[in-house]
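Construct the entire structure; sequences and hints are all you get.
Chains X and G are the protein sequences, given in the same order. Start counting the first sequence at 1; every next residue gets the next number (my numbering). Start counting the second sequence at 1; every next residue gets the next number (my numbering).
These aren't lab readings, by the way, just hints derived from the structure by calculation. Keep in mind that a hint or two might mislead.
To be verified - Below 30 Å or equal to it, Euclidean Cα-Cα: the simulated BS3-like pairs (lysine-lysine) are: (1) X/Lys68 - G/Lys41; (2) G/Lys36 - G/Lys22; (3) G/Lys67 - X/Lys68; (4) G/Lys41 - G/Lys22; (5) G/Lys19 - X/Lys42; (6) G/Lys67 - G/Lys41; (7) X/Lys68 - G/Lys36; (8) X/Lys1 - G/Lys44; (9) X/Lys1 - G/Lys71; (10) G/Lys9 - G/Lys67; (11) G/Lys67 - G/Lys40; (12) G/Lys67 - G/Lys44; (13) G/Lys41 - X/Lys42.
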Amino acid sequence: KQEVTQIPAALSVPEGENLVLNCSFTDSAIYNLQWFRQDPGKGLTSLLLIQSSQREQTSGRLNASLDKSSGRSTLYIAASQPGDSATYLCAVHASGGSYIPTFGRGTSLIVHP
Amino acid sequence: DTAVSQTPKYLVTQMGNDKSIKCEQNLGHDTMYWYKQDSKKFLKIMFSYNNKELIINETVPNRFSPKSPDKAHLNLHINSLELGDSAVYFCASSHLQGEAFFGQGTRLTVV
Numbered sequence: 001k002q003e004v005t006q007i008p009a010a011l012s013v014p015e016g017e018n019l020v021l022n023c024s025f026t027d028s029a030i031y032n033l034q035w036f037r038q039d040p041g042k043g044l045t046s047l048l049l050i051q052s053s054q055r056e057q058t059s060g061r062l063n064a065s066l067d068k069s070s071g072r073s074t075l076y077i078a079a080s081q082p083g084d085s086a087t088y089l090c091a092v093h094a095s096g097g098s099y100i101p102t103f104g105r106g107t108s109l110i111v112h113p
Numbered sequence: 001d002t003a004v005s006q007t008p009k010y011l012v013t014q015m016g017n018d019k020s021i022k023c024e025q026n027l028g029h030d031t032m033y034w035y036k037q038d039s040k041k042f043l044k045i046m047f048s049y050n051n052k053e054l055i056i057n058e059t060v061p062n063r064f065s066p067k068s069p070d071k072a073h074l075n076l077h078i079n080s081l082e083l084g085d086s087a088v089y090f091c092a093s094s095h096l097q098g099e100a101f102f103g104q105g106t107r108l109t110v111v
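Structure (structure tokens):
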């Protein structure tokens with residue numbers, strides 16, 4: 001059974017810092033990995049999708065890397081801004097059999113001015 | 001246009017009632033999902049459905065049932081609601097093993 005862990009659970013930083021959020025998964029046989037953002041009381045917004053054959057994906061100030069063999073992904077946020085404050089979730093799509101995205105518990109990020 | 005839409009956004013109901021939450025996607029996806037987000041914000045899969053197969057999380061009580069009239073819709077029916085059913089329910093869709101898109105959620109409160 002796939003288990004997804006996100007570290008740290010919470011993070012509070014001053015504006016302008018570069019951040020690294022971590023996601024690890026127990027079964028390396030994955031199809032893809034997806035990073036989401038969730039604002040309080042809102043739905044999930046897809047940030048980046050990394051296919052299992054890829055090593056990283058970039059979108060603006062966000063960069064996500066994937067090391068499938070070690071079961072790890074990182075989300076790098078450059079030059080953080082208060083508007084980045086949200087919960088960040090990673091979800092892993094297993095390959096072979098179940099195609100259901102399995103989520104970690106998220107990292108709650110606060111960027112203060 | 002909203003890609004994945006859920007209705008209602010808020011639902012307050014009494015214990016024992018039966019209720020439904022509707023979900024529609026206009027992305028042409030072949031797979032739809034229902035997730036439950038508990039008070040600690042953990043997203044737990046309830047159902048996954050494409051036009052051929054329904055996968056049910058075995059921990060979901062059989063009071064919950066998904067109904068799909070067509071590929072663009074996956075509704076969630078809940079019978080005999082209990083206090084513990086209070087949560088936020090999210091619908092999502094994707095191509096099989098593709099990028100998933102989520103609705104805005106339905107906050108269910110059972111009183």
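For this structure, which hints from the list above don't hold up? Hint 3 alone not satisfied by this model.
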